[in-house]
Amino acid sequence: MLSHLSIKTKINAMLGISIVVLSMYTIVWNFDMRTLYLKQDRVEVEYNKTMALNKQLLTEHSKKISGEAIKNKAINTLKMMAPRSIEQILL
Amino acid sequence: MSIKRLLRTFKVQNYWQRQGLIKYIFVFLFLGFAFRIVSVNQLDAGKVSLQEKGVKQTINKLTETARRGDILDRNGEILASSLILKKVNLDPTKIQLEYIPKLATALNMSNKKLSKILAKKRKIGSRYLIIKKNLMLTDPIISNIVKLQKEKIKDRTKVCRIKKKKDKVELLDRALSFLKVKEIKITYSNIKSCQKEKIDGLVLQEDTYRSYPKGASLAPLIGRTHRDSGIETEFDHVLAGQDGKKQLKYNQNSQGSYFVPEIISTLKHGQDIKLTIDSKIQYHAYTALEKAVKKHVADSGSAIILAPNGEVLAMANYPADDPNDRNVYNAENYRNRVLSDKVEPGSTMKPFTMLLALDQNKITATADELIDVSKSIGHIKSDAKAKKYGKAITVKKILEKSHNLGTVNVSERLDKEDMYSTWNKLGFGHPLGLIPGIENSGILKHFASWGSADKRTLSFGYGPMNTNLAQLARAYLVFANKGSIPPLKLLKEANTIEDTVQVFNPKSIDKIAQLLDSVASNNGSGYWSDIKGYHVAGKTGTAEMKIKGGKGYNKNGANRTFFTGFVPVKNPKYIMAIRLDYPKKCHARNHPNKKRDCQGSNSAAIVFQEAMTNILSSDQSIKLMAGK
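The listed protein sequences correspond, in order, to chains A and B. Each step along the first sequence adds one to the number in the numbering used here, with nothing skipped, and position 1 is 1. Each step along the second sequence adds one to the number in the numbering used here, with nothing skipped, and position 172 is 172.
It is worth saying that the hints were derived from the structure and are not from the lab. Quick caveat: nothing in here was measured; it's all calculated off a predicted structure. A portion of the hints provided could be inaccurate.
[To be verified] Listed below are the simulated PhoX-like cross-link pairs for lysine-lysine, each with C-alpha atoms no more than 20 Å apart in a straight line: (1) 71(A) / 295(B); (2) 584(B) / 595(B); (3) 133(B) / 49(A).
Generate the whole structure from the sequences, applying the supplied hints.
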């Protein structure tokens, strides 16, 4: 079908088509890169959020198990107090 | 040039002259363009060239903020951490009135209150209102706000606005107006238009906040950010990290892809620091200290607890402020007295005099060996107080009753060079390197400069030496390491060179440890440090306070009281040193209402007993003693 075309023309046509295809690929590739970049940004934000939440929970845990909180709860909420006298029982 | 001649140049038939004109025009245009190129590229357009301005517009610079590292205790519990908090920022001029009830519910406020605040701000044209701040990420207000911002279309509130709209003009009138036959007056009418809208003028912003969950108990050790104190300042270079900077280029000079950022400086998050501190032990030390300072009306107090390998388990100071309270900063309450104060340690040094004498076979420390206390030695008088327990007493009695003359008598058998060498090996006068920025390493004067009284006073903790509390506690590590002394450690994963120094003979250590056990018993001066069910050893100390900045001692009888002890006596697990500055209210033994002068026995020893009782009761590895 293309036999009537000279080799030179065929090569030119091939080159032309490949340039068009490469250009299209460049656009697709660039678009992919942009999508990837935005996705990376989103993931980073999510990661930072999770990290922040993790730190907050660890800090809250550390605060809750500190002796002060337990002591305050024992005295103020549970109304516990130290014994006034200790009797030793020999077993 | 005559007008005729000028006109001749424009004559159509004069081809060469016309061509010359075109040439001139082209040259003129070329010069114009050349000038424009230079002006765009180089000439000032403001302070930067247009080219630079153009390049700047194609570069997007991004900054990533480094996360500050956490400070953890030996069990990984958080002692200091940077939290992200949120604040709710409102633009009162933009918020739709219809959304106020919904917003008030989201903010957990009354509708009336919020309307009032917004109306007040709108009146003065303010566009900035922080309605809630310091919200934790788990706070329900945050989820309410996010929900409100991301409302689905069907859930959105109908917002009505009054708009001006042109009144309709008949087509015929418009045509006549176009033909300028009839003049039309454009009139407007107010129309109420209602449609579902998103909430406007509501933003959630981020704030960072350094949190200290253990409050005041660790404040002088950890310090506070942006203040010159503690671990936060000393290890700022490790904790702070480095902000990252990168740029995205969208111009022809950008190499590679448009969306691969060029890194200018790499983001490095701050590293976590793991301390050797045990927060539970720290809490017990701090509360016991706080109680004692209040009870004895002392100026201040400090305490340190060490593990046998030199790791610092607790370092407490009182008074101390809560670092979470940003409104208060008193530098004095952030001072780490354990490391920064150099003091004379008093009688807590007596065991070392005995150890050295025992090592050199100058004493045997047996029950049949009596030390003469009937004669004065130098300025140390043999008065009635000195002879209270007899004219000659055992080494055990000397330690039990903290007898100065008895100790001096033993020290007379020692060379001052040997004493200096031993005190030097114990680390007095040498920096510990825990927090170099605040540490005061004390003094141990060279024996060549000692006067005749210096060796005597040194034997009971005065004279040519002073020390910080951490150095004193470290010296007591000899009892937990068979006579050798390891370096102190505050960072769990620090690479310290283990230069353990052998100071005393293990046999001497065992003997003196047994004697110190009786000090912390009903017979000894440290009776208040006795803990039921455990073998405790220790030594009390009382030192006169020096006048600030001057020579000589305070004449009001201001004392520093000490107690240094370890538990259990065999293979000690905890070594604790306590110092109370100027305690003013102390009681006699077994007489809580009878006032007595404050000494190590009736003030600092109580801190040891209280703290250690709590620590030991939660430590299953130390077994209760049978029959005690």
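Hints the structure fails to honour:
none
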